[in-house]
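Novice: Spelled out from the first residue to the last, the chains are:
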Amino acid sequence: MKKISFFLGRFHHAQKLVPIGRYAKEHELFDVEIVIADNAINIDPPTEFLSDFGIKSFHHSKLYQKAVPDEDVMEIIERVFSTSLVRSIPPFWLAYSIREALENISGFKGYIEESKPDGIFLLHAQNFWAKILAYQAFTIGLPVYTIQEGIILEREEQDMGKYTWASDYITNIFSWSEYDRQFYGDPDIVVPVGPTHLDKWIALRKDKRKLVLLKHKLFSSLGLAPMVPTLSFSFPRLDLYKGNPVESLRRVGAWTVRSGYNVAVSLHPFQGDVPEINQIVRIYPNMKLWAGDNAMELVSCVDAVLAQTGTLPLEAIALGVHVGEVNFAKMPLDQPLYKQGGAMIIEDEDDLDKLIRGKVDNDAIQKFKEERLPLTDGQSLQRLTEFVANA
Amino acid sequence: MIDTLINESLDGGVHIVTTNSAFFRGYSGRFEDIYFIKALPVSKAKDVDFAKLAMPGELGAATFPDTDLEIWKVLSLDRYKFWYMPEFEFVTEFVSGTDWDVVYASSDLGSTLPIMTGYEAELLGRKAIWVKTEPIRTRELRDIMMAGQFPFNEFLVDSEDDKRFILDYLPDATIHMEEDTTERNPISQESKEVLKKMLGLSGNVLCILFDKRDEFQCREFLNDKSLRSGYNYVFLHPIDLRSRALLHTSIPDAGSLLLPDDNALKIADTILAFRWDDNYFPDGPPTKMQIIDLRSMNKAKQLAPKDISIK
Chain A
1 MKKISFFLGR
11 FHHAQKLVPI
21 GRYAKEHELF
31 DVEIVIADNA
41 INIDPPTEFL
51 SDFGIKSFHH
61 SKLYQKAVPD
71 EDVMEIIERV
81 FSTSLVRSIP
91 PFWLAYSIRE
101 ALENISGFKG
111 YIEESKPDGI
121 FLLHAQNFWA
131 KILAYQAFTI
141 GLPVYTIQEG
151 IILEREEQDM
161 GKYTWASDYI
171 TNIFSWSEYD
181 RQFYGDPDIV
191 VPVGPTHLDK
201 WIALRKDKRK
211 LVLLKHKLFS
221 SLGLAPMVPT
231 LSFSFPRLDL
241 YKGNPVESLR
251 RVGAWTVRSG
261 YNVAVSLHPF
271 QGDVPEINQI
281 VRIYPNMKLW
291 AGDNAMELVS
301 CVDAVLAQTG
311 TLPLEAIALG
321 VHVGEVNFAK
331 MPLDQPLYKQ
341 GGAMIIEDED
351 DLDKLIRGKV
361 DNDAIQKFKE
371 ERLPLTDGQS
381 LQRLTEFVAN
391 A
Chain B
1 MIDTLINESL
11 DGGVHIVTTN
21 SAFFRGYSGR
31 FEDIYFIKAL
41 PVSKAKDVDF
51 AKLAMPGELG
61 AATFPDTDLE
71 IWKVLSLDRY
81 KFWYMPEFEF
91 VTEFVSGTDW
101 DVVYASSDLG
111 STLPIMTGYE
121 AELLGRKAIW
131 VKTEPIRTRE
141 LRDIMMAGQF
151 PFNEFLVDSE
161 DDKRFILDYL
171 PDATIHMEED
181 TTERNPISQE
191 SKEVLKKMLG
201 LSGNVLCILF
211 DKRDEFQCRE
221 FLNDKSLRSG
231 YNYVFLHPID
241 LRSRALLHTS
251 IPDAGSLLLP
261 DDNALKIADT
271 ILAFRWDDNY
281 FPDGPPTKMQ
291 IIDLRSMNKA
301 KQLAPKDISI
311 K
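Heads up: the sequence lines are chains A and B, in that order.
For the first sequence, the tail end lands on 391 under our numbering, and the numbers increase by one without skipping.
For the second sequence, the tail end lands on 311 under our numbering, and the numbers increase by one without skipping.
Nothing false has been slipped in among the hints.
Listing some non-contacts, in silico: residues in chain B with all C-beta distances to chain A over 12 Å: (1) G26; (2) Y35; (3) T98; (4) V102; (5) T174; (6) I187; (7) E193; (8) L201; (9) P260; (10) P286; (11) K288.
Below, computed lysine to aspartate or glutamate pairings styled on DMTMM-like, alpha-carbon distance capped at 20 Å: (12) B:K311 <-> B:D224; (13) B:K299 <-> A:E75; (14) B:K192 <-> B:D269; (15) B:K81 <-> A:E156; (16) B:K81 <-> A:D44; (17) A:K242 <-> A:D351.
Simulated from the structure, these hints should not be mistaken for laboratory data.
All C-beta atoms in this analysis are idealised placements derived from N, C-alpha and C, irrespective of residue type, glycine included.
Required output: the full structure, derived from the provided sequences and hints.
Specialist: Written out as structure tokens, the structure is:
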């Protein structure tokens, strides 16, 4: 049986990739091995979350790396420090990253030579370590697979060419839909399979009993009455939010008092603790802050999602949950879903009323789903793993 | 460093420039001319600007040695972009626009301000002194010096080890020595034995410094029983809160290898680490210390004091 090596760099890598590996093993499609690397200065190393996923056995790039010649480091430092980068990037990171890159170049090469996997699976290759591993594998003819992590933002392609060079050293990219193929630098390597990380939640949403039990557990733990209609207010990274997040939260909080409905607030996983948000949430008895690991758990349970930009609104639509795109400040939004029919615009409290009561354009949403999210039948894992097994 | 600035101010004017808000708040009453450079809000043009600068931008098509992997593809997105702070670019303009004769720069590689003052001083033909406020003997400073990219040639340090280190890479450097006022108080063997007895221990004790950066090396060491022979007890001492939090998920049975407070350090006959870091023991190690530096990854031989054993 083939052996595919999965690189798990950060927690969200494991969230998306572990289900793929598990499915493959359970259905005996291919064998799975885990490889990790130290995480820069190890503020949040992989070993910390591997146990959460029940992973005890793994390979570490350090085990295989050779000593890095000083001359190699110096050559690159000379180049980097002679650029304008020194004006805007701390010298520690300029220098440290060079030696670390060289360590992983030999480390990943050594790992591949010793362990001899039949392929490599990455979350994506736009990552310091993953790019190196992809290069080392691809250049010796090993297949390298990645998945579409989330919404494709056209701005990221325009500003940085992010998806053009996402195809570098990659054999196949498993996308969410045929629609998403167009954005990648090499569309021929794109294989639409659907969002694999949502299979579990799609199945859950179909199981009414399990869903009711989860809702009860989740809302009760928050101190919200489970049978009361509930919105989630799921913020993107606050520096990307259009408008004043605190003001927006106040308006929604005041609405919960007037309407009697509930709101569970969630922050972006990379956001960290925000005292200002905590303070506002505490004011309103029907508004609570949810701090779970997987936002899909919350999205699966609510009646509708308030969001703005990012992948989460798309995931909510995939799960059949109505989405309201918050824009109290009436600013131009990045790739607004409401203009594409997938969501409704939320500019005032009347819009919140409509959203919670399900007064949305179901035809437009259905059309959006057919074009952008056609492969949300809960079989994405099967499609992906069978492709890899038979490749 | 503050003392140096106060002494200088007796001879002439002193301007202080900082990007550290805590420093500014703490010292703005003591110095007349203290300028705080606050970070500006990040603009959406940041992605575009960074791409022009580094994707590939000024990094061009250079590749890593013995590969055709372009360096920008690894270094730029995710790493350099994460640390890209265009709001500090105007630091250079501020520094070059003000009237000064000598700059004392804090030995902080975590900020662009100190090193940029050095580059500006070079350009303007003015005097610049790198002052030890953070550890001098680091792998990163060594790399920058060796590559000939460090703009300072005059230093203010407080140890012979620092002086030796600098002169190894910059033989023509001018080194000013501040008096080393740290009190070194190694723990006596008698005190150790008393404490061991109180803890119900006896024999040879090894204390391993658990630093999150060397988590891999530590796990490998603990897995290899042959490396621990010769010791009756092995304990772990996490060097900070983050390392302590990591320890319990990284190493099974970590709880049984911990002692309360700093007792592991106090009773240790040997302290083992996997790198040298000046911050470990500002007053010097309390007992014999050994460093195991796997494949010389952490350059312990070049950074550690002479009396530390390195393997």
